[in-house]
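Enquirer: Input sequences plus hints: build the corresponding full structure.
From first to last, the protein sequence lines stand for chains D and S. Take the first sequence: its letters are residues 1 to 263, numbered as in the UniProt record's numbering. Take the second sequence: its letters are residues 1 to 157, numbered as in the UniProt record's numbering.
Derived from the structure by calculation, the hints contain no laboratory data. Among the hints, a few may not be true.
[As the list claims (entries may be wrong)] List of simulated lysine-lysine pairs, DSSO-like, C-alpha gap at most 30 Å:
no.: 1; chain 1: D; residue 1: Lys163; chain 2: S; residue 2: Lys103
no.: 2; chain 1: D; residue 1: Lys210; chain 2: S; residue 2: Lys56
no.: 3; chain 1: D; residue 1: Lys222; chain 2: S; residue 2: Lys103
no.: 4; chain 1: D; residue 1: Lys165; chain 2: D; residue 2: Lys125
no.: 5; chain 1: D; residue 1: Lys127; chain 2: S; residue 2: Lys130
no.: 6; chain 1: S; residue 1: Lys130; chain 2: D; residue 2: Lys213
no.: 7; chain 1: D; residue 1: Lys98; chain 2: D; residue 2: Lys234
no.: 8; chain 1: S; residue 1: Lys103; chain 2: S; residue 2: Lys130
no.: 9; chain 1: S; residue 1: Lys103; chain 2: S; residue 2: Lys56
no.: 10; chain 1: D; residue 1: Lys210; chain 2: D; residue 2: Lys234
no.: 11; chain 1: D; residue 1: Lys222; chain 2: S; residue 2: Lys156
no.: 12; chain 1: D; residue 1: Lys165; chain 2: S; residue 2: Lys130
no.: 13; chain 1: D; residue 1: Lys222; chain 2: S; residue 2: Lys130
no.: 14; chain 1: S; residue 1: Lys130; chain 2: D; residue 2: Lys163
no.: 15; chain 1: D; residue 1: Lys125; chain 2: S; residue 2: Lys130
no.: 16; chain 1: D; residue 1: Lys132; chain 2: S; residue 2: Lys103
no.: 17; chain 1: S; residue 1: Lys103; chain 2: D; residue 2: Lys165
no.: 18; chain 1: D; residue 1: Lys163; chain 2: D; residue 2: Lys222
no.: 19; chain 1: S; residue 1: Lys103; chain 2: D; residue 2: Lys210
no.: 20; chain 1: D; residue 1: Lys234; chain 2: S; residue 2: Lys156
no.: 21; chain 1: D; residue 1: Lys165; chain 2: D; residue 2: Lys76
no.: 22; chain 1: S; residue 1: Lys103; chain 2: D; residue 2: Lys125
no.: 23; chain 1: S; residue 1: Lys56; chain 2: D; residue 2: Lys213
Predicted, not measured: the structure shown is a model, and the values here were computed from it.
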Amino acid sequence: MADESADLVVNGDLKMVIRAPAPAHLDGAVDEVTSGWIYRSDETQELQMDDFDNPGMIFVDQALEQWDAVDGTEGKACASCHEDVESSMTGVRAVYPKWNEAAGEVRTLAHQINDCRENQMGAEKWKYTGGKMTAMEALISVQSRGMPVNVAIDGPAQATWEKGKDMYYTRTGQLDLSCANCHEENYGNMIRADHLSQGQINGFPVYRLKNTKLNNAHARFKGCVRDTRAETYKPGSSDFVALELYVASRGNGLSVEAPSVRN
Amino acid sequence: MKLTSLTLAASLIGSAALASDVAPKDVMFNEDGGVDASLTGMAGDAANGAIIAGTKSKGNCVACHAISALADVPFHGEVGPTLDGAGDRWDTAEMRGLLADAKMTFDGTVMPAFYKVDGFTRPGDAYTGKAAEGPLTPILTAQEIEDVIAFLATLKE
Chain D
1 MADESADLVV NGDLKMVIRA PAPAHLDGAV DEVTSGWIYR SDETQELQMD
51 DFDNPGMIFV DQALEQWDAV DGTEGKACAS CHEDVESSMT GVRAVYPKWN
101 EAAGEVRTLA HQINDCRENQ MGAEKWKYTG GKMTAMEALI SVQSRGMPVN
151 VAIDGPAQAT WEKGKDMYYT RTGQLDLSCA NCHEENYGNM IRADHLSQGQ
201 INGFPVYRLK NTKLNNAHAR FKGCVRDTRA ETYKPGSSDF VALELYVASR
251 GNGLSVEAPS VRN
Chain S
1 MKLTSLTLAA SLIGSAALAS DVAPKDVMFN EDGGVDASLT GMAGDAANGA
51 IIAGTKSKGN CVACHAISAL ADVPFHGEVG PTLDGAGDRW DTAEMRGLLA
101 DAKMTFDGTV MPAFYKVDGF TRPGDAYTGK AAEGPLTPIL TAQEIEDVIA
151 FLATLKE
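Expert: Right, here's the structure in full:
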């Protein structure tokens, strides 16, 4: 069973905020927001405390090679425009999903990556939940590790946020359960063999011991909706973008943790 | 409670819906959320009810409830109260109502309705994540509901 009072310090010096006062827009639904790391077993928790033990870091290394790899009709790599990932991508993950003024829509990190591939590089889009995508998301996220999640929910993003909030509280499927039924009303409780967390996404993409790969937020949402005996939404759909913005905003104040490790 | 392969086989045979069963849409709830009439007119089989309560693909009641009588089934949840003593707390009609549609007893509960086929948002084809094709079947059959009731009735303090 998890040690719920433990603190998360990565590599002995990077202290993560895994408990934070709930943001005002949660209207008192919970007092405190907590990282999913808290609810995992001691063994799983430990894997995330050192990058040498964290199986997700292998994919970060792979994405670093991809960063420099030329692809597509324009003969460009990510590095051609963004140079050094460490300097150009610091802080980016913490504010995604984010309103894109030119496109007039809220974009996830994955959508932005594919937009660059398609329109800047003339390269094939990556599969939304595929390995290349989740690895690149992880590489970009690592540049914000330890920074507080801080997605904007007002202004042009507000309508999308409201839609995501509706989805979060809508019961779906033949089990007739909403995200809130499990992750707001029952976090800390066991549901069969699973210790329910708040379903936060500050740790995404997440390495899961269950499927031994990185999983992005939409892949996880899909699994949770399916488990209510419902028709899921599609990863990358505007529905899941809205849900991601809302769920991300519930974790405003928690540290970006990716790649985190879960069972 | 011992789970023998004999009772398991019996449960598989007994799981088909019978024409004489009360259909999910015809279930009559009383004003307290209970259901007075048996769904099948046949007595429930408590041993089979125990299997259904502990089996993930069936009632999976242990996902949310601890049940001491099913101590041999691993991992009991904490989302709902323990069902120990449920047989003292509820009569048959109340239990039938709780199983058919617990929202008729507890407004807004997270407990799923086990004998309900409509009124859902984005109903799926079981756990495939795909849209349901055609009418839904209830999660448990009429006789399975009666069997679980018989099992719950054995849970005394």
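Enquirer: Hints first: check each against the structure and report whether it holds.
Expert: Okay, the hints, checked on the actual structure:
1. Lys163(D) - Lys103(S): Satisfied, since the Cα-Cα distance of roughly 26 Å is no more than 30 Å.
2. Lys210(D) - Lys56(S): Between Lys210(D) and Lys56(S) the Cα gap is close to 19 Å, so the pair holds against 30 Å.
3. Lys222(D) - Lys103(S): Given that 30 Å is the threshold and the Cα spacing comes to 26 Å, the pair holds.
4. Lys165(D) - Lys125(D): Holds, at roughly 29 Å.
5. Lys127(D) - Lys130(S): Roughly 19 Å between the alpha carbons, so the hint for Lys127(D) and Lys130(S) holds.
6. Lys130(S) - Lys213(D): 24 Å, holds
7. Lys98(D) - Lys234(D): 19 Å, holds
8. Lys103(S) - Lys130(S): With Cα atoms ~26 Å apart, Lys103(S) and Lys130(S) stay inside 30 Å; holds.
9. Lys103(S) - Lys56(S): 22 Å, holds
10. Lys210(D) - Lys234(D): 22 Å, holds
11. Lys222(D) - Lys156(S): At roughly 40 Å apart (the allowed maximum being 30 Å), Lys156(S) and Lys222(D) break the hint.
12. Lys165(D) - Lys130(S): 23 Å, holds
13. Lys222(D) - Lys130(S): 11 Å, holds
14. Lys130(S) - Lys163(D): Status holds; Cα separation ~22 Å.
15. Lys125(D) - Lys130(S): Answer holds: Lys125(D) to Lys130(S) is near 25 Å, not above 30 Å.
16. Lys132(D) - Lys103(S): Answer violated: Lys132(D) to Lys103(S) is near 45 Å, above 30 Å.
17. Lys103(S) - Lys165(D): Since the Cα atoms of Lys103(S) and Lys165(D) sit roughly 23 Å apart, the hinted pair holds (cutoff 30 Å).
18. Lys163(D) - Lys222(D): 17 Å, holds
19. Lys103(S) - Lys210(D): Violated, at about 34 Å.
20. Lys234(D) - Lys156(S): 47 Å, violated
21. Lys165(D) - Lys76(D): 39 Å, violated
22. Lys103(S) - Lys125(D): Status violated; Cα separation ~46 Å.
23. Lys56(S) - Lys213(D): Holds, at about 26 Å.
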